[in-house]
Structures are given as structure tokens and as C-alpha cells.
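Asker: Listed below, chain by chain, are the residues.
2 protein chains.
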Amino acid sequence: MTKKWVYGFEEGNKGMRMELGGKGANLAEMTNIGIPVPPGFTVTTDACAEYCNLGQKYPEGMLGQIEEKLAELEKKMGMKLGDPENPLLVSVRSGAAVSMPGMMDTVLNLGLNDKSVLGLAKKTGDERFAYDAYRRFINMFGDVVMGVEHKHFEEVLEKAKETKGVELDLDLGAEDWKKVCEGYKAVVQKYTGKMFPEDPKEQLKMGIDAVFGSWNSKRAIAYRRINNIFGLVGTAVNVQTMAFGNMGDTSGTGVLFTRNPSTGENKLYGEYLMNAQGEDIVAGIRTPKHIDELKKQMPKVYDELVSIYLKVEKHYKDMQDMEFTIQEGKLFILQTRNGKRTAAAALRIAVDMEKDGLIDKKTAVLRIDPNQLDQLLHKRLDPVAKEKAEVLCRGLPASPGAAVGKIVFTADRAHELAQEGEKVILTRTETSPEDIEGMNAAQGILTSRGGMTSHAAVVARGMGKPCVAGCADAVISEEKGTLKIGDTVLKEGDYVTLDGAAGEVIKGAVPVVDPELSGDFAKLMEWADEFRKLTVKTNADTPHDAEVAKGFGAEGIGLCRTEHMFFEGERIKAVREMILAETLDGRKKALAKLKPMQKEDFKGLFKVMDNLPVIIRLLDPPLHEFLPKEDEDIKTMAKELGVDEQKIRDTISNLHEFNPMLGFRGCRLGIRYPEISEMQVWAILEAAIECKKEGVKAVPWIEVPLVGNVKEYLVIKKIVDKVAESLGVKRGKDFWVGTMIEVPRAAITADEIAPEVDFMSFGTNDLTQMTCGFSRDDAGSFLKPYVEQGIYDRDPFQSIDQTGVGKLMELCIKNARKINKKIEFGICGEHGGEPESVKFCHRIGLNDVSCSPYRVPIARLAAAQAALEGEKK
Amino acid sequence: MTKKWVYGFEEGNKGMRMELGGKGANLAEMTNIGIPVPPGFTVTTDACAEYCNLGQKYPEGMLGQIEEKLAELEKKMGMKLGDPENPLLVSVRSGAAVSMPGMMDTVLNLGLNDKSVLGLAKKTGDERFAYDAYRRFINMFGDVVMGVEHKHFEEVLEKAKETKGVELDLDLGAEDWKKVCEGYKAVVQKYTGKMFPEDPKEQLKMGIDAVFGSWNSKRAIAYRRINNIFGLVGTAVNVQTMAFGNMGDTSGTGVLFTRNPSTGENKLYGEYLMNAQGEDIVAGIRTPKHIDELKKQMPKVYDELVSIYLKVEKHYKDMQDMEFTIQEGKLFILQTRNGKRTAAAALRIAVDMEKDGLIDKKTAVLRIDPNQLDQLLHKRLDPVAKEKAEVLCRGLPASPGAAVGKIVFTADRAHELAQEGEKVILTRTETSPEDIEGMNAAQGILTSRGGMTSHAAVVARGMGKPCVAGCADAVISEEKGTLKIGDTVLKEGDYVTLDGAAGEVIKGAVPVVDPELSGDFAKLMEWADEFRKLTVKTNADTPHDAEVAKGFGAEGIGLCRTEHMFFEGERIKAVREMILAETLDGRKKALAKLKPMQKEDFKGLFKVMDNLPVIIRLLDPPLHEFLPKEDEDIKTMAKELGVDEQKIRDTISNLHEFNPMLGFRGCRLGIRYPEISEMQVWAILEAAIECKKEGVKAVPWIEVPLVGNVKEYLVIKKIVDKVAESLGVKRGKDFWVGTMIEVPRAAITADEIAPEVDFMSFGTNDLTQMTCGFSRDDAGSFLKPYVEQGIYDRDPFQSIDQTGVGKLMELCIKNARKINKKIEFGICGEHGGEPESVKFCHRIGLNDVSCSPYRVPIARLAAAQAALEGEKK
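For the record, the sequence lines run as chains A and B.
The numbering of the first sequence is the working numbering, which starts it at 1 and goes up by one.
The numbering of the second sequence is the working numbering, which starts it at 1 and goes up by one.
Think of the hints as simulated: they come from the structure by calculation, not from any bench.
Be careful, since some hints might not be right.
The list cannot tell twin chains apart, which means a pair is met if one copy fits it or any two copies do.
Unchecked claim - Taking lysine-lysine pairs in the DSS-like style, the calculated list, with each CA pair at most 30 angstroms apart, reads:
#1 K14 / K718
#2 K550 / K423
#3 K588 / K784
#4 K218 / K588
#5 K122 / K807
#6 K480 / K573
#7 K267 / K814
#8 K629 / K480
#9 K484 / K647
#10 K179 / K122
#11 K115 / K340
#12 K822 / K807
#13 K218 / K730
#14 K480 / K599
#15 K717 / K784
#16 K311 / K362
#17 K693 / K599
#18 K718 / K629
Next comes chain A alone, as it looks inside the complex (with noise of 0.2 angstroms):
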């Protein structure tokens, strides 16, 4: 028996993706439901596969069954291939298993020739149209299927308009578009050297080897291997009759979606034009009418599409975006899919879904893409007057939302004119951790220089506050004043508004909508709570910032970085009177006034999040970055702690690294200088014990960083230890010890940390630079194009490389369980707010994940993904 190589529509079913493809799988499964989808057939993979195998020839079998479905077809139609009465035109398109570019993709109006041509003329009463479609044709088909090049017939063309005198197509007449007809095929035969094909089944025959031919052109191999797509054999061939939108008044095509795509109101939403192809919708030149206007113009159509959108969404159970052609009173439906929607209206649908008994809780968890609950937890701006404004460039959108503001260029004026009551947008080339109070206060942040997680960056996000980082194009001189894009100079106080998602800067000020959370957020949020396994933690480093987070859902601080606490206020010149003092006993000085404070910061963060955990990880950055760069900052800093301005250099000249990513930094700081440690432990522990006083329930949670050695870990844990005996506290019951995983050596010999340690946390992002060997400061150079060829599937710092860092974290995790199965397992790098990198780490086991407070509802969100996705296995 010969294998079923052609399956009609009404013969398949979505099930079949890997024979029929992904595009065919579709039509069969609507036709299938009674939806009235142009007929046709589909010529399956395995044919496809069959062929290449044969060296480019048919299997047995394959040619007569194309030829019995298209003789069905035709009896269907009541429509011939090429008859020059009443002709039948196809679609011939490719559709493999996995939706895959770099493949031919479409050849419309096939069945077209000198003849046939004649008879759409007839039937339709518009001979322009019908040589209009002619021509299309033998422009598609001798580019996609004979491999001539488009610009040959764009010349022809060309000429036609100019011999006329003509500047655009439409003023090409029935007798115009004939020439250009024989002009494209005189082009075919002149580049080919064969003659453009006048038999209809010769069309279709040449159309279906070149989609087959296509699978294995260079590109389609290359999307393949790089995207890792495997397994599949060949693509299908989809065959269909054609519908025409633009025969006369009772024809017209439109898109519709089920609900509304952006409040998600169960609502018919969608517009339509008569007489007209689905391109002149998406040209705009006409306005398109509302749907509902099609109830009085064509009732009975209107019936039919309702009752079909009806069965569409309840069949597929979700949203969907539809296109329809009506051909003479006759309606078809071309396409369905799930349709793109806003956050907003994602939420509603899920929820008012699982209401309607259409779908369960754990389906609507599964609906929102977490990445879109972003757009619901910012400012954004108003969409109206955003398409009036003037975009002056662009850069990285490096934390969402909108901002209006005044340009300051200092830190220290943000902070002053913001205590003024204006509202400032803080321009710099980059930040750094000085700028902290000048970047509170600003509404945005801007900088001409660093990437996705420079300091701006990382910093922006964990306030939540819109941040555009890396804008290249703007020339930002702090010293003049100026900031400086193309030709436009701008001023301190000049107005711009940032788009943080989109990374946009724009001139002016644009109005901005204020974010408000549905009630629908709130039920899907506790949904997903339901069903995670994660515990999601925030990174924050002020009450402030854990009571957004807290506010959002975060179950404990993952990180608290002590060290943007040391530059505030006074505080700062403390810390460089310890930086700079060259005993014991002056750092001694030094630490004791720093103490107080530090207590203070710590007891405001017990406080938000009472009976929680708050993970403080013992200062980590280079003291360097203590000291101030600037010449004249120096001077003042001089003045300030009644030093030699040569000390100060000095000492800066001593901090210099080459490297100070890998330098003297993290625990190595607490080794030496073993006082800044034990500071900062009696600080914590005794803000501890003082709210237990307040009836609060501190739980402190000490990590040590970048530990790669477990000696090191030791020499500090024993710090702490003496204080907690000092201050008869108890580890495991008062307070807990960890450690940061960063540095590669760390991972690796987690079974020699693991007996000594309550907790350990994946430090993400030090780890990826250090696993990978990327600068984070430096890699823009080389790590965009890598993710551009295809080298990294993702920035790996904006989601975790899960086949190498990601490799060695399972080791990690593997082989310290191995030996002390109580540790809790979190990560606190930039991608414990990132969904894949949340589900990587919840396959993995680990017990949380913390991220900045915006990001706390896309991490629940994902991490009940996460548990849902494992339970399918």
C-alpha cells in the first residue's frame, strides 16, 4: 500500500504538527470545527523528507494524490486550475512542525496564465485587478520558486511608469499592467532562460519543489543549528484556495480579536473595509470601520462571524486574533491565533476565563507572561500624546516606566532642587555610588555610558525609578552643562521624559498615566502563590525599598548590600577617614562612628520585615570606591577630614587595581582588615536583639561575599561567632551564617563550605563574569554581536546561562546537599527577577529567589510557572 503523502484539510487535526506542520496542523483543526476556512490540502513533512532523500524526486504515489486532492478540490470550488472561464487560484505555502524562517514562504494567485487570467477578469468585471494579480504572480514565483532576482522586475516596472509618465502604481491602467505582464516574463525567460511556465500544474508542481527546496537552503540549516532546533524531518506544503476581498461591494476583509486586546473586555473587537485585500487594512489609506457596523451592512455575516468567534474562543480557550475575507457575500476565515494582548488585558482574560469554567486557575497562571507585568507596575506614558513626541535617541531601557523632569547634572543639585519640590531627571555619562542620594532624588535616570547592569542600571531598578542607560548618542558634558543629542543642546532645566521600557529620550514633557493594579492582579498573584514552590525574597537596601517590595509580596530581604548605606550623608567621611588612616586603632576610630548608623539601617529593615529574613551581606566593593575621583572632590574631601590632599592621591594611587573585578574586595577586605567585619557584625546582631526589645522578631541572616575558599568563610565566621558569645546570642535560633556563591572555586568546592554554613546564596552576576570571563563594564564590545551570531542565546547577564554558570550551580547545589541537606539555596544576582532564569532556578532546587522590589510579582509569577511546567512532567 502507498503511503498517505496529501491530506485534505478535513482529514487532519491539530495533533499533527509533525506531519502536517505547524501552519497546516491549524487549518485542518479549524476546518475540522466547521469554521469555513478556504479549502485545500497539505502535502506532509514526511514527503518533503522523502524527497530530499531521493535526490529531489517524488516518492511513490506523492504526484497522483496531489493530483486526486486538487480534482476534489476543484469539485468543491466548482472551480477549475487555469480555466479561462472560471479559474481556480491557489496559495502554495511552507509550514514546518516549528514555525521557521529562512524558508519560501508564500506564491499567491497561483493557476494564473494568459488564459485563465482572462477568466478572472470576466468574473470579476475588473480586468485591471485580474492583470494586477497576474503580475504580482509572475513576480512572486520567478523570485521565490525560478530564483530571479526582485529588482529585475522592479526595473520593468520603473519603466512602465516612466514611459507613462506616471509616479505610482495606481495610475497604471488594465492595458499598462498587460505590458508589465509581458515584461516579467520576458525578465524570467532573459535571467532562467526558460519560459515562465503557462501550465497551472506545472505552476503548483514547481511551487511545492521549491518549498521543499527550501528546506535545506543555507539559511534554513543555519536558523536551524543555531536555535538548536532538532528532530525534525522536513516541512509541509500547504496548498489553498485563494479568497479575494476585492471583488465588488459584497466583498471586504477584516481582523478581529475575541475581547479586547487592551482592557480585555469580553467584547467583539475589531475593525473591517469592503472591497479591499487584507493589506490595505494594515496600509492605513482608507479607514477601516468598526466591527459592529458590519451588523447593518452585511447582517447575516455578521451572524456567522459572531457564531464563529464564539466556537473559535471556546474551542482554543483563549483570546483570539482572527482575519476574514468575504468573497461575494461569502465568508471565510484565513487565520486564528492566540492574540496579543496587554498586561491588562491578559489579566482580565485569565481571570474572567477561570470564571467562566473555560479554564482552571493552574491554565491562568499559565497565560501571563510574566515579563509583561512590568508594563502594570510603572508609570507609563500617556499612549496619546506619546505619538506626538519627539524622540530625540535611544538606549537601553534599563529599568521601566516613565519620568518627566528638569536635567540636573549633578548628583548634588538633583538632591537640591528636588528638596524645592521639582521634579529632575539626572543626566550623567555614568554613576556611581556617590550619586545614590542625587539619583533618589531624581524622577529618572539618564547616562550616556555602561549597560543592562551598570551601576545606573542595577541601582534604577532596585528603586524602581525609569532609567535609559548606555545612550550613545547623547554627548553629556557635566562640566559645561550640556547635554548634547544631534543638534539639539540642552540645558539644567530644560524638560525631557524618559521611556524606560522603551528605552527612549524624548524632548519635553510628556503627560505620564499612573499605574494602577486590577483587582484581577491581586487574584492571579495569589493564584500563583498557591502553586509556587519558591519563596521570593526582594534586594533592598532601605526600609523604604523593602516596603515597596513588601507591598508586592517579598517574604524576606535576599540582599541588603551594607555598602550603599556608607554613602550617605556624614557617613561617607567616616568611611574615608577609615580608608585613610594607617593604624588599628584609627580604623577603630573611624568604625565606632559608623556603628550607630549602621545599627540604625538595619533595625529600620527588621522592622519592615518583621519575622522575615533579611539576608545583609558584610561589605563587598573595592574601598576605592569610597574615594572621590574628581579633582576638585578630592580637595574638598581634603578640607573636610583636615588630610594632605597627596595622602588622598596616594592612597588612591595604592587602591588602583587592573582588575578590580577580581581584586581586593568581599571577604578579602573583612580578612585583612578584620575590624570593618566585626563593626558591622555587632551592628547587625545588636540591632537585632534591641527590636526583639520593641517586640519586633528580627531574623538576621549574615553573608559573607565572594568567598572561594572555605577558609576564608571561616576566618569571618569566627568574627562573628566571638561576637555573638559576647553577646550571648545563638546561631541557628538569633541569627543565621552564609555565604555568597560568586567566585567559580566557591561552586566548585560547596562540599568542603557546606557543613559550616546555614545558607548559600548564587551571586549571579559576578559569577557569570567570572564562569564566562565577561566583563560586566566591558563586554558591550564583543557580547552583543555573540548574542547576535548566535554565539549566547541571551545576554547571559540579563538571563542566566543555563548550559554553563547554570551548569555549575547544579553542581554546587548537588554536591553541598550531599553533605548538609538544611542549606537554603538562593539566588540575589540581577536574574532572580528574570522569568527563564526563575524557572531555572526553581528545576534546579533552589529554595529562593530575590530581586529587586519590581520584580518581585514576575518572580511569584514565574516561579508558579515553574512548579506548574514541572508537574506536566
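Since the structure of chain A is already known, use the hints to place chain B on it.
Answerer: Coordinates of chain B only, in the frame set by chain A:
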């Protein structure tokens, strides 16, 4: 039956180290082979353990056994502990199975009290000697047994000298010492509240208790923890008769080596002093006599000594270093141990002993410390002249050997003067690749900054040139042309001498001695080659280095750093032209100039290494290393290339990186600028083809640096494949392709890289930097204290961090071999010439090690030892 807690020396042997401790077992062994050791007994380590278990109480029977052994000893010696006529004096010493500082060391002269001191005075006829011995005993016993600080005794002694108005101990007489003894006893009473024990048996018991107690002292516990000493139960106590070499003219003391420790000559070597104690020889106040003179002075004793030394050497099968004492004509051997020797002596002794059948070849190979070979391969300072030399300061011993020359401060000047026939020492704050030519022209290199793996150090070792690096006390001003060390200011033309092995900078010109390689060296290397499994290659960038290395037995080039070739003469211009080019064409034009030079470079290497593999690494360092730093150099470059100064400055600024280690370098260069790799591959493969025509068999291995992801490697491999196809040569026949493993991610994903490579070479310098998170250039500020505190046992840049970086290497090899068994694994970091690292490489299954030319013999020997040590297990 009671357990045996106490062993007489005659009851044990050297196999009983666990029970008797190292010292006790050795004393027993000597006693048993008939060496006249002062008699005594050992209390076992088990006794110590039991004592600790019982809460500082003696286990049953122990005290009785001690008394029994003491009685035997008294009988044997004809003396009695505490006897007022003929008192027995003993020493009490601790001794665990592993030598361990931190425990109680020694109490001498135990048994003296107010009565027995009279007996000692009478017996020796020297009252002063007796009371001097007594006060020493009270001091030592008071200090180490009773815990009185030494300074309190010192105060009494100072006062006694003051009272008498003298300055030296020698000026105090018998009566004075008598008073000092009284004073010392008062000190003991004052600070302990107890009388000094007069009862010798109580003294003995207290001494034993103190040894036992010291086992669990903080220092001893810390020492065991830091050094990972486990499985020991306690320390033994050795009680031994005192022998005095200062009891008159028939008494004396001496040390001897059974062979000459400088040359290895098989002839008794040593010296002695009559009527003296051991410390008198060390003190050097009296000049000791040559051992040959003893033959005349005490022929019987001399003959006995000769027969003993022959017996001892035969017994221990190694050259011995012995201490002896003659007490009133009777010879005692106090100690024998393997003698320290020079490298030359070590070789001669090993080869001689093998010839005499005393040891076999394997033992001979295992006898030599590979590190010691370094002495033989370099010039060294004339030992006599060196004693008088004025050492100005000390830096790091970055590259061994002695160098004398005139100071110069720039590479250009070094080159100039060298061309005029001058010997120069290149003296710079730090060196950069631009200085290569000057370094090559200099006798030696001195820098004030940088560590053991700084540019200066690495390049100097490669060239086999002496180098003192990171000499912090030397203030070098290239601008002023001065080298300031303390008060000494040296200028260009002043002579200095460097001792690279000691890291010393010496004023003036000190005579040097040329290295001499004896036949013994060749013989031992030949034996080593019989046993080793590892192939030993060399890191060499020039035919000269390659030739030197081949002379030392290198079996190929394991790393040729092509960038070093980029600095010579005219090339740097073309390189800079390429960097400044803004277009592909511009870059190609510049590269075309480089290609013929590169080709000649490679031909030179292939010719030296005829038929041996040559691993050529494609361009690795960040491009900014090729650009000038100094203002003046930028100006010169602008003129030479005819480009705008500002353009050079802009390029430098564009290429600036925060962490260049993790920046735009390695294969990242070739991926962004494929034309660079292309040029290099063309040069390599054409060079190989041309060599073949000249009858030379070139074996090029093309190495891709800094790979972290197989896809990076594949991009470069594709370039190689393309060039190979054009030239008609075949991988696996005409050339090979592989990768460095230096990014942790590469090691982790080795299974993905494995199918695509012929070889993998561990670049352990960078692998250590990234795995441990240590910047080699900056680690000075914390790594030295880390090693001192035992956080790392050794500097991981000097000896592979086996438990961290090494674990990653093992993982890499295991996973890669699973996929591709044919991969050749090598190492080309600095570690490839360090014996412990070489042994580790053998154990984890590497095929090759590669090191700088002058370390090739060291690697060969270490490889042989690794193989032999592996056999034993």
C-alpha cells in the same frame, strides 16, 4: 596485663614512628644498629592520648614503667638522678609521628638541684660550669614547664651583671652564677607561687606532664588544623642521658657529612671542637678543626667514627648529616639525618650510589629535588664574593640566575648600549610588551612593581634571564633616570648585580660563575626519561628559545605566543596601523604587511622543532597593549603613521577597559575581526607547506585562546577549515586544531567542545585568575597574607590550586574524554614547570606539560618522579 607505655631505645625501631614518634623511632633505630647513642627511653604517643583522655592523669602502670626504665638507665650509666656525687642528667623532649612546631621543645640538664650541682662541679672539676648548667636548667624548666616568662629571668641576669659592673655572661664567675641560681628560683616562686622542685623525680614527672600538655596547646592544635594533620593520637616523650662535650680536653663535639655536601665527593667531611658544646661550633667564636685532624688527636675515636659513618650510610642508603659528642674519650652520636646538599652534590651522590649498588635507578631519580636543578642551569654569584656583597634590597625571586650590568631605564637605551657591547640591567617600574627587545638585550631585569607572574617575570623566565620583580623598596624614576634605594641613588651607567634566585639587588659588580652541567646531570635525566609518561614541551616564541629548550630535552613547543612577535621592529607599526584602521580593507592592508613576517617566524620555529609539534596560539592580548601609553610615544606614533594624534588618543580611550582580563581579547578578537585570525592561519599553514618543500617536517597545532563556548571555537575553526581547503592541506595529517582551557566555562562544558578538537591545553594562569577570582596583577595586596594565614597552602599562581582549579581540570578531562578519547591534554601556564603541579598533571591524566625553556629539565624529573610515585601506590 598492663599495656606497655615505655620503651627503652633498644626496644624500638624506625618502623615504630606512630608509637614512638619520629625522634623516638630514630633514636631506637640507631641504638639497634649499634650506634653509640646516649641511652634513654621513650614514653609512647598512646600514653599521651590516654593521659589526655583521663583528664591529665597517668594511665595505669605508666609511672611504674617509667621508674623501671629510669632504674635501668641509672644502672647502665653507673649514675643516679640527683646523686650528690655522680649525678645522672637527662634531656626531655617531645616528638610526634610528624614533626610539629607548637609543642614543648626541650628541657636539658634535668636532674640538677642544690645537691647534685655539687656532684657535677666535683666530677667536672669546674664549679662555674656546674652552676652555669644549673641556672640554664632553672630558666628552661621555669619557662617551658612552669610557664614563667623568659624576660623575668633575664632581668635577674641583667641585674647581676650590673652589680658586678660587667657586660658579658663570660665575665661572671662561679659565685655569680650561684647567686643567679638563687635569684632564678625566687623568680619561679614569685610568678608561680610554688617552690622550684628540688626532687629530680618530680622534675621528670613535671617535664613529662608538660610535654603531654603541650599536645593540646592552642598553637599545636592550630598547626595541625592548618596543615591538615589528622590521625595522630598524641606526642611521645624522649628521656635521654645528657652527654657533655665540654668536660675537659678529652671531650669535644662535632658535625660531619658522610659525603661532601657541596660536590658530592665520596669522602668524610666535617669539623669538630675539643672541650666545647654543640652551640660553640655554630656560634663561630672558636674556629673548628677539620675532621681529618681528629685522626691524629684521638685516633681511636676517629676510627670508631669512620666505622660508624660507613655503617650509618649503608643502613640509611643516603648521605648523612651527623652530630657527635665525645665525653671524656667516649663517643656518642646524638643525631643522624639525611644531609642537605647542593644540586651538583645531589646528582653526584645519586649517580655514585646507583653505581655502587646502594640504590637503584628509580630511587636515584626520586632522590633529587626537581626545584634544586634550577641552581645548575643558571649563572650564579661567586659564593666567596657574595659574602662581602652589599645587598641594597630584596624583591621577588622572579627568574633565577645572576646578572651584572649597568643600569638603564628604557628598553631603547638597553638595546642601544647592548649593541655597543655593554652589559646592562633593564630597570623599570614595570615592563610591558613594548619592552621585549630591551629585555632581550639586557643581562637581567629589575622592576619595582608586579608579582611572580607579572610581565617582567614571565618573559624573563621564558628568556632564561635573571629577574628581580616587585622590589617595593626600589624607587625607579624613568623620567629622572634614577634608582633610589633607601639613601643610595644610582644613575644610568652605575653597576648593579642581580641574584634572581634570591631576589636580591646588590651594589656594584659581583663576579659570577658559569653553570656547569656534569655527566651526572645527563645520566640522571636519561634515567628520568625512562620512567616518565608525560611529554615535556616548552613555551617558546623565538627560534633561539626553542633551541635552548630543545637542548634541555623539550619534545615540542607547547605554547608559542604570537603576540610577542608583533612587537619587534617594523611590525609594531603595521599592528598599530591595523588597530587604527576603520575599515575591513584598511585592516586587511595592514595585516598583509604582517603576514610574510609571521610566516618567517613560524618557519623558524618549525625548523628548530623539525618533526615535533608546535602549538601556535592565535592572537590573545587586548589590542590596547599594542598602543603606546606615554604622551611622547603617542606623538612619535602619530608622526610615524601620519595620523592625527587625537585619533590615537580616541582609539586608546575606546579600547580602555575596566577589567581587561575579562575583556575584549582572545578568540573574541578573531570573532569580531576574522581577518586577523585568517592572516595568522594563512601564515601558519603556508609556513608549514614551505618547510615541507625544504625537507623539514612541520607539525603545526593551531590553538584558539580564551574559548568559553564551543560556538566561539567553531567560528574560528571555520576560518581554519576555509584556509586549509584553499591550501589543500588536511586536519589530522598536515595540521591540528585545538583550544586553550582557561575560562571556567570551557572546563565545565568540555563535553560540548570535545568532539571538535584535537587537543586541549590548560592555560592555568588565566584559569586560576577566573576560578579563584584573583587578578594576578592585583593579588599582591591579599594573596600573600592569604598564604601566610594558610587560607591557601601555596600561592595558586606558583603551584596549581589542586583542590579548586585542579578539581575543575579533572572534571574537564573526565567529561571531554567521555566524548572523544583522542584528545591530547596539555598545560602551558606557568605551572607547567613547577614540580608539584607537574606531578598533579600526571595524576589527573594529562599527556603533556609545557614550561619555559630553563625549566624543561625540572619538568622532566618531576614527571619521572610522578610516574614512580604512582607505581608505589
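Asker: Look at each hint and say if it fits the structure.
Answerer: Each hint tested on the structure:
1. K14 / K718: Answer is neither; intra-copy 63 angstroms and inter-copy 41 angstroms both fail.
2. K550 / K423: Within one copy only: 26 angstroms inside, 73 angstroms across.
3. K588 / K784: Between copies, since 24 angstroms is at most 30 angstroms while 46 angstroms is not.
4. K218 / K588: Between. Shortest inter-copy distance 27 angstroms satisfies the 30 angstroms Cα cut-off; intra-copy 68 angstroms does not.
5. K122 / K807: Neither: 67 angstroms inside a copy, 81 angstroms across copies.
6. K480 / K573: within (28 angstroms within a copy, 37 angstroms between copies)
7. K267 / K814: Close neither inside one copy (52 angstroms) nor across copies (61 angstroms); limit 30 angstroms.
8. K629 / K480: Both ways: K629 and K480 sit 18 angstroms apart in one copy and 28 angstroms across, limit 30 angstroms.
9. K484 / K647: Classified as between: cross-chain Cα gap 21 angstroms, same-chain 37 angstroms, threshold 30 angstroms.
10. K179 / K122: Within one copy only: 19 angstroms inside, 141 angstroms across.
11. K115 / K340: neither (43 angstroms within a copy, 107 angstroms between copies)
12. K822 / K807: both (21 angstroms within a copy, 25 angstroms between copies)
13. K218 / K730: The answer is between: 24 angstroms across copies meets 30 angstroms, while 66 angstroms in one copy does not.
14. K480 / K599: neither (41 angstroms within a copy, 52 angstroms between copies)
15. K717 / K784: between (41 angstroms within a copy, 21 angstroms between copies)
16. K311 / K362: within (23 angstroms within a copy, 88 angstroms between copies)
17. K693 / K599: Within one copy, since 14 angstroms is at most 30 angstroms while 78 angstroms is not.
18. K718 / K629: neither (35 angstroms within a copy, 46 angstroms between copies)
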